[in-house]
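**Q** Sequence:
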Amino acid sequence: MKTFLTLLILCIVIASCKQKNPESGTSDTTYITRNYLTVRKYLDTLNAKMQGELDSTGAYTIPYTDLTNGKKRLVFIGASHGRSVGDPQFTLIEKVFKEANPEIAFNEGGQIPEDRIYPSLDSAVRHDGETGCLKYLCDEADIKMLNGDMDDQEEFAALQKTIPKDQIHLYMAVERFLNPYKHGRYNDMALEEAYQKKFIAYLNRSKFILTDKEKSFPYLQKLYKHHLNQELILDSLLEVHEYYLIDEGIFGNVGRATKEVRDHALLKKIDEALNKYDRVFVVFGGSHRIAVEPALKQIISKNR
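Number 44 in our numbering belongs to position 19 of the sequence shown; there are no gaps in the numbering.
Since the hints were made in silico from the structure, they are not lab data. Everything hinted at is true.
In silico EDC-like cross-links for lysine to aspartate or glutamate, where the CA-CA straight-line distance does not exceed 20 Å:
#	residue 1	residue 2
1	K327	D91
2	K293	D174
3	K222	D177
All chains, full assembly: derive it from the sequences and hints.
**A** As structure tokens, then:
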């Protein structure tokens, strides 16, 4: 349980200060967000609080954001990207969703096909984690679940304006392939096979152009060794949060940039949705929730 709590907290917190929105090509609106560099102040406080609850009661409260202004209501739940049916975050998502009775919902990680139907909530969680959970609930409620993320091609294009290509390549490989693979995703394939069929295919779809040499797994190993000064070994894989939570982290700028451009795209979608709908429900990574919370308050306070 304590190991699970640690993983949950690492995903649940991110924070602090006012920052300008990165250029995303979607809007010139300035949203007030928290800077990811000061996350540890929030992390230490929340970690102590939740661990104290766990030690004294055997359970802990998962924080989420719930804002109202007149008829308008905005709920944002920060998820830990797990797929364990027993994870209390799924009980929370279901409970708050049914109480809030949303008219539209936003998920992280891309548009899920409307015809993807899950036979039960448990099967949805096992297959797609919090996104599957939200899709199941939206289908039950007969409402739309839309992608809250920016298009991958747009994200890569925005990052390449300021970040070297090889650093983007390596960061994305660690964040979006190696860490998920380490924790059981694509485990029906050998590592190098999954790298080609899943990750390189993903880069191709995102129009992130690589040469044949750059697409090879040995090239990725070379990048890992060059930038991190260690061999690429799954059991000792550098956890992604170390990149963007620690100022001196080698890829801190890459990790923070990916989150900032995506945050701005999400905020714009939420803002626009509240022009049309009264009740909006969002499930994204917990780090995003803390980072964008000031902007959520800014958005809900508008007179519409």
